[in-house]
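Chains as they are written, first to last, in my numbering: chain A, 2 to 142; chain B, 2 to 305.
If you're looking for bench data, these hints aren't it; they were derived computationally from the structure.
Backbone N, C-alpha and C define an ideal beta-carbon position, used for all residues, glycine too.
A hint or two may mislead.
Distance ranges between label pairs, derived from CB positions [what the hints assert, rightly or not]:
hint : chain 1 : residue 1 : chain 2 : residue 2 : range
1    : A       : Q23       : B       : E18       : 43 to 53 Å
2    : B       : E18       : A       : K113      : 34 to 44 Å
3    : B       : D247      : A       : K113      : 47 to 57 Å
4    : A       : L120      : B       : R174      : 14 to 24 Å
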Amino acid sequence: MNIDSVQNGIVLDHIKAGACMQIYKYLKLDQLDCQVAIIKNAKSSKMGKKDIIKIDSPIDIDLDVLGYIDPDITVDIIKDGHLVEKKHLALPQKLVNVIHCKNPRCITTDEKQLDAIFLLSDPEKRTYRCAYCEAERKSHR
Amino acid sequence: MRHLIDITDLSVEEIDELIATAEDIIENPVKYQDVAAHKQLATLFFEPSTRTRLSFESAMLGLGGSVLGFSSAASSSTAKGETVTDTVRTVSCYADIIAMRHPKEGAPFAASQRSQVPIINAGDGGHNHPTQTLTDLLTIHRERGSLNDFTIGFCGDLKFGRTVHSLVNALSRYTGIHFIFISPEELKMPNYINESLQKKGLPYEETESLEEAMPKLDVLYMTRVQKERFFNEADYIRLKDTYVLDPAKLTTAKKDMCILHPLPRVNEIAVSVDDDPRARYFEQVRNGKFIRMALIMKLLDLKA
Ligand SMILES: [Zn+2]
Numbered sequence: 002m003n004i005d006s007v008q009n010g011i012v013l014d015h016i017k018a019g020a021c022m023q024i025y026k027y028l029k030l031d032q033l034d035c036q037v038a039i040i041k042n043a044k045s046s047k048m049g050k051k052d053i054i055k056i057d058s059p060i061d062i063d064l065d066v067l068g069y070i071d072p073d074i075t076v077d078i079i080k081d082g083h084l085v086e087k088k089h090l091a092l093p094q095k096l097v098n099v100i101h102c103k104n105p106r107c108i109t110t111d112e113k114q115l116d117a118i119f120l121l122s123d124p125e126k127r128t129y130r131c132a133y134c135e136a137e138r139k140s141h142r
Numbered sequence: 002m003r004h005l006i007d008i009t010d011l012s013v014e015e016i017d018e019l020i021a022t023a024e025d026i027i028e029n030p031v032k033y034q035d036v037a038a039h040k041q042l043a044t045l046f047f048e049p050s051t052r053t054r055l056s057f058e059s060a061m062l063g064l065g066g067s068v069l070g071f072s073s074a075a076s077s078s079t080a081k082g083e084t085v086t087d088t089v090r091t092v093s094c095y096a097d098i099i100a101m102r103h104p105k106e107g108a109p110f111a112a113s114q115r116s117q118v119p120i121i122n123a124g125d126g127g128h129n130h131p132t133q134t135l136t137d138l139l140t141i142h143r144e145r146g147s148l149n150d151f152t153i154g155f156c157g158d159l160k161f162g163r164t165v166h167s168l169v170n171a172l173s174r175y176t177g178i179h180f181i182f183i184s185p186e187e188l189k190m191p192n193y194i195n196e197s198l199q200k201k202g203l204p205y206e207e208t209e210s211l212e213e214a215m216p217k218l219d220v221l222y223m224t225r226v227q228k229e230r231f232f233n234e235a236d237y238i239r240l241k242d243t244y245v246l247d248p249a250k251l252t253t254a255k256k257d258m259c260i261l262h263p264l265p266r267v268n269e270i271a272v273s274v275d276d277d278p279r280a281r282y283f284e285q286v287r288n289g290k291f292i293r294m295a296l297i298m299k300l301l302d303l304k305a
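Excised from the complex, chain A in its bound form (with noise of 0.2 Å):
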């Protein structure tokens, strides 16, 4: 694969030097069967050394889980080898599923069939609350 031609797909730019294969792991890539190119190091004018993921298919990924892990990633969508559309994140108001509790004493960690649902507390400092306890998780940047 010509990794500077991604035909359609979606190309995750400006991702923290370091951090590519946390976003791997959490938007579950290892589970795609398409072709997928992770750079690391990149040179970068604005944040000197950059990350890069290229997805070289138009798959739906969970905006809200890109934004929590960090919001200042850009989501380049690539149609017919043509940029259609530059998505900015922010940070979710709400995470379904996509962290989880760690309070011990939270009902969240004995019944495991429960949503793990957390809301955004204070967007400054990218914390989030659990909806059950009230336990605080920061953002990862």
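Knowing the structure of chain A, use the given hints to seat chain B with the ligand on it.
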């Protein structure tokens, strides 16, 4: 359908309405004695708390309704491994409203996601206990005639005391309240509470001395200082009497100050204080029934 899981589920206006209803119930109990006729309250106590359960049951009976339920996990189907959501869904087929206590934080919220009837959180571990907060607010309102413009001291275990956190949170929505946090260094108010007061521009001070704070207080809210919160026995013994309220410490207090405590107490208020007219903690227990009556009426949309 409304639930009460966290005190902030209610707006200030709704809390004021509940207080007004409770005060009317106190004045005219007969007017309310049949408003919940043929309605059933289920008290699901996955963890025992006799006083809270009795308060709910007494409230429902005072409205002419009836009660059913269980008072510990051992006597419920949880003992057979049923989930909270399933238990509550089942019970909501029988009852019109549920008051639920559970040792795990967030269990009432989980229940409310699937319940067919209103859920009242009657305490979830060390997390929330909104009807205690409503009780405290009603008591302060009855004693002072208003929930604005006074100085309140919180004394004892401010680090782990959920009733304290919840009451500070509720009071921070009113105006002109000055907070004084009285505790040993080890049991200070958590930072996030102080930060939320700072954000709202509300004044608070912290001190280790109950004597120093006493003359300024209009309300003194006492809490238990529990032995298991301390790293060592020596610290506990050194500190425990500092935060015991006795008649001697009350000599510098205002004549119209009121003393509250969520009860049960261990030794943090000397029994000799009980006869002081400023001791209002047993009145507070009575108020707990009336505010729960008002709450049940609100959630079931009942009118007198
Ligand atoms: Zn939790």
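To see whether the hints hold, each was checked on the structure:
{"no.": "1", "hint": "A/Q23 <-> B/E18: 43 to 53 Å", "in the structure": "holds, 49 Å"}
{"no.": "2", "hint": "B/E18 <-> A/K113: 34 to 44 Å", "in the structure": "holds, 39 Å"}
{"no.": "3", "hint": "B/D247 <-> A/K113: 47 to 57 Å", "in the structure": "holds, 50 Å"}
{"no.": "4", "hint": "A/L120 <-> B/R174: 14 to 24 Å", "in the structure": "holds, 20 Å"}
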